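Sequence lines, in order, name chains A and R. In terms of the working numbering, the first sequence opens at residue 1045 and continues consecutively. In terms of the working numbering, the second sequence opens at residue 956 and continues consecutively.
Treat the hints with care, as some may be off.
[Stated by the list, open to error] In the BS3-like style, the derived pairs of lysine-lysine whose C-alpha atoms are separated by at most 30 Å in a straight line are:
| hint | chain 1 | residue 1 | chain 2 | residue 2 |
| --- | --- | --- | --- | --- |
| 1 | A | K1406 | R | K1064 |
| 2 | A | K1071 | A | K1093 |
| 3 | R | K1206 | A | K1156 |
| 4 | A | K1393 | A | K1328 |
| 5 | A | K1200 | R | K1206 |
| 6 | A | K1256 | A | K1303 |
| 7 | R | K1038 | R | K999 |
| 8 | R | K1202 | A | K1151 |
| 9 | A | K1328 | R | K1199 |
| 10 | A | K1272 | R | K1170 |
| 11 | R | K1199 | A | K1200 |
| 12 | R | K1206 | A | K1323 |
| 13 | R | K1170 | A | K1385 |
| 14 | A | K1093 | A | K1151 |
| 15 | R | K1038 | A | K1385 |
| 16 | R | K1202 | A | K1303 |
| 17 | R | K981 | R | K1091 |
| 18 | R | K1199 | A | K1303 |
[As the list claims (entries may be wrong)] Computed far set for chain A versus chain R, every beta-carbon distance over 12 Å:
| hint | residue |
| --- | --- |
| 19 | L1098 |
| 20 | M1211 |
| 21 | S1259 |
| 22 | H1367 |
| 23 | C1384 |
| 24 | M1426 |
No lab work stands behind these hints: they were computed from the structure. Given the structure is predicted, the values throughout are model-derived calculations rather than measurements. Yeah, the Cβ is synthetic: ideal placement off N, Cα and C, and Gly gets one too.
Take a look at the letters that make up each chain.
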Amino acid sequence: MSKKSEQQEAQQSGARPVPITPEELRKLDKDLGIKRPSGINWESEFLKKFLLQLLIILGVPPVIAWIPAWIQDGTGSSIGWELAGQGWFPSLILMVAWIGLDVSLVKWIMAKMAAFSRFPVPTRSDQVSYEAVDIPIGGGNVLPGMIIKGPNTPAKNAPVVIVCHGMGGRKEDFYPLGIPMSFLGFALLFYDSRGHGQARFGNKWDTAYIIKDFSKVVDFVEARAREKGDFDMDQIVAWGASMGGGIVLNEAYLDSRVKFIIALCTWADFMLTATRPLKSFMEKVIKAGYEFMGINLNPTKLQNRMVSPIYNSFNRMKGFFDHPVWADVNNDYRVMLAHCKDDMVVFYKNFELNRDFLKMPKENYIVFDTGNHAFGGNETAMVGKMMLWLFMRGY
Amino acid sequence: MFIIVFWIALAGILGAIGIVVASTIKTARTPRWGQVFTENLRRKEIAVTAEGTTYRAFLYTSTDFDDSPEMPGVILLPDRGEKYPAFEHWAACYALQGLPTLAVELVAKGVPDQQLVESVLSAFPAFKNTLVENAKVDGSRIGVVGFGAAALAGTYAGAKDGDVKAICCAGMPRVDMDRAGGARGKIFLAHCKDDEHAPLADFTSNKEALGIDEKGYLLLDLGGHVFLSQEMIVAAFFSIVMNKAMKPRYKQFTPAGVVMP
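Required output: the full structure, derived from the provided sequences and hints.
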């Protein structure tokens, strides 16, 4: 039996390996034969303009450096452009210096981007158990999921946290969260959104569908609660960061089966954050990075309404036909938000809009002055606040 | 004449490289943990003198709990050599939960572990008094969070002090059971298997000697002595066990409204 079919069989039998390190993840993706279309969003005027500017900045000066040497060669007379008696030498020095500047700029960008990945060591503990599951979402498609339980997770009727990852992320990103939450008595369900991680269908830019898929995940929890009894259907917490926050503030918010919602660093109005004037070079780099993933950061008004909670979900619940209808939602009880003021991905105004639309009491949110999109340096403080929010709801 | 342009251009490029490289180095050298800036957190520096030694301490409180009754308090003993503000994120975690937290800087350069333990142990009553006197703290419900050798001091102090209701120890070396016996039932451990200063055998010995069950410890595969990448998990674990042991009274949000238990 080939390695690939062994993997597929293991997957079908539920004995899917639990990759945690980036190397393990890459290997598993390779073994499972998971490939993604590049999906670069070439329709984006921003991306084209940004790449052109980058090309000009990086490539044109080294060419310009050769112009005096070419003039000298072409005219056959010296214009004083020479070192050590060689006309080409100053041009070569300038070209090498400029390439050095290009390299140092790339290093600088990489150092800045490292702020988004502050956890170089993987998190593992023998105290938690992992169970791979497939979450059917219709049409024969499944979302790969992982259930984590710990020493304090009850065998029956455990409250469940459904964890939603960010755009371009994968379920493994937030596995560390599973360990302390399981000590609080939760079972956790992590899943790969379509187009992400080990999901075998969809694209990273299917944001509206990714959001809608969440209700199928709740269906899965409901079915499992009925069949196995290990989950408590009445205690579902939806947790999401960035796009995951978008998922929970849209679809989970509308779903009366979801008891609590925790949304970190997420948008209120997708268009507002995606099309805002960018203040810094790093913001442009980040936006270009998302558009390289194929994300449409210039959505139509209709697309925007489908993914923006202030238009789509707030103070509404699903009606008889599953469409949002106005409802008296107890936001004080139900929703927690967190954000950093210097967030370069989902800028701070989004938080203010969410907070104001939901009329949130101060106990329900926390704001840090710094930390960017990943709460860098504030992770422990943020988790402390999240624990408090749960303690104040009887956990 | 044109060669002047060359020298100006070269100087400009080299200057730009210098600025970019300096910025890269600054970014790369930014300490992993620093001050936590949020309007919910208040910090106050206090000098605590005990047994002829003056300790630099920081009291952290949450602005969200200004109107609340007395809450349990936390004494945070960072690992030796950890200077302010490297430990502020730990203190912020507990302070934001309404537990006033006194974090004590224990630099103690060149001081052997045993000597550090004894000096912290003898200063512990002063730390406790400082916490109770400077914040709205119920002095009969104190939690101790200690790291490395300082955790030993926290354990010995907590073992003989009935006001200490929870002792949380991270990366703690092997304890002397003659002094730690009183900590049974209120001590919680966090450890990484690859801890190079306090080997796994120390954790195993402590766990067994102190009779700690699976719900009372957190054992992680990686992270070393400093819990690299695992800080958030350890902070949350200690939050949970301290909440159970110290029973702070939080107002409860219910579907019907907010109630005070």
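Hints versus structure:
Restraint check for K1406(A) and K1064(R): not satisfied, since their Cα atoms lie roughly 42 Å apart, outside the 30 Å limit. Using a Cα cut-off of 30 Å, the hinted pair K1071(A) and K1093(A) is violated, with the two alpha carbons roughly 36 Å apart. Between K1206(R) and K1156(A) the alpha-carbon distance is near 41 Å, which puts this suggested pair outside the 30 Å criterion. Distance hint between K1393(A) and K1328(A) is fulfilled; the C-alpha atoms sit about 18 Å from each other, no more than 30 Å.
Taking the CA atoms of K1200(A) and K1206(R), the gap is about 28 Å. The hint holds against a cut of 30 Å. Taking the CA atoms of K1256(A) and K1303(A), the gap is about 18 Å. The hint holds against a cut of 30 Å. In summary, the hint linking K1038(R) to K999(R) is supported, as the alpha carbons are separated by about 15 Å, within the 30 Å threshold. Straight-line distance between C-alpha atoms of K1202(R) and K1151(A) comes to about 49 Å, which puts the hinted pair past the 30 Å bound.
A distance of roughly 46 Å separates the Cα atoms of K1328(A) and K1199(R); the hinted pair therefore is violated under the 30 Å criterion. Simply put, K1272(A) and K1170(R) have alpha-carbon atoms about 24 Å apart, close enough for the 30 Å limit, and the pair holds. Annotation: proposed proximity of K1199(R) to K1200(A) holds, straight-line Cα distance about 21 Å (limit 30 Å). At roughly 42 Å between alpha-carbon atoms, K1206(R) and K1323(A) are farther apart than 30 Å, so this suggested pair is violated.
A threshold of 30 Å between alpha carbons decides the hint, and for K1170(R) with K1385(A) the separation of about 37 Å lies outside it, so the pair is violated. For the hint linking K1093(A) to K1151(A), the alpha-carbon distance of about 22 Å falls within 30 Å, and the restraint holds. Distance restraint check for K1038(R) and K1385(A): the Cα-Cα separation of roughly 26 Å lies within the 30 Å cut-off, and the hinted pair is therefore satisfied. Of the supplied pair hints, the one linking K1202(R) and K1303(A) holds, its CA atoms being roughly 24 Å apart against a limit of 30 Å.
For the suggested pair K981(R) and K1091(R), the alpha carbons sit about 40 Å apart, so the restraint of at most 30 Å is broken. Taken as a hint, the K1199(R) and K1303(A) pair is honoured in the structure, with Cα atoms around 23 Å apart against an allowance of 30 Å. In this structure L1098(A) is separated from chain R by more than 12 Å, as the shortest Cβ-Cβ distance comes to about 15 Å. In this structure M1211(A) is separated from chain R by more than 12 Å, as the shortest Cβ-Cβ distance comes to about 22 Å.
No Cβ of chain R approaches the Cβ of S1259(A) within 12 Å, the least distance being about 22 Å, so the stated non-interface status holds. Every beta carbon of chain R lies more than 12 Å from that of H1367(A), the smallest distance being close to 24 Å; the non-interface claim holds. The beta carbon of C1384(A) sits about 9 Å from the closest Cβ of chain R, which is not more than 12 Å, so the claim that it is off the interface is violated. Non-interface call for M1426(A) relative to chain R: violated, since the shortest CB-CB distance, roughly 8 Å, does not exceed 12 Å.
Hints 1, 2, 3, 8, 9, 12, 13, 17, 23, 24, counting from the list given before, are not met by this structure.
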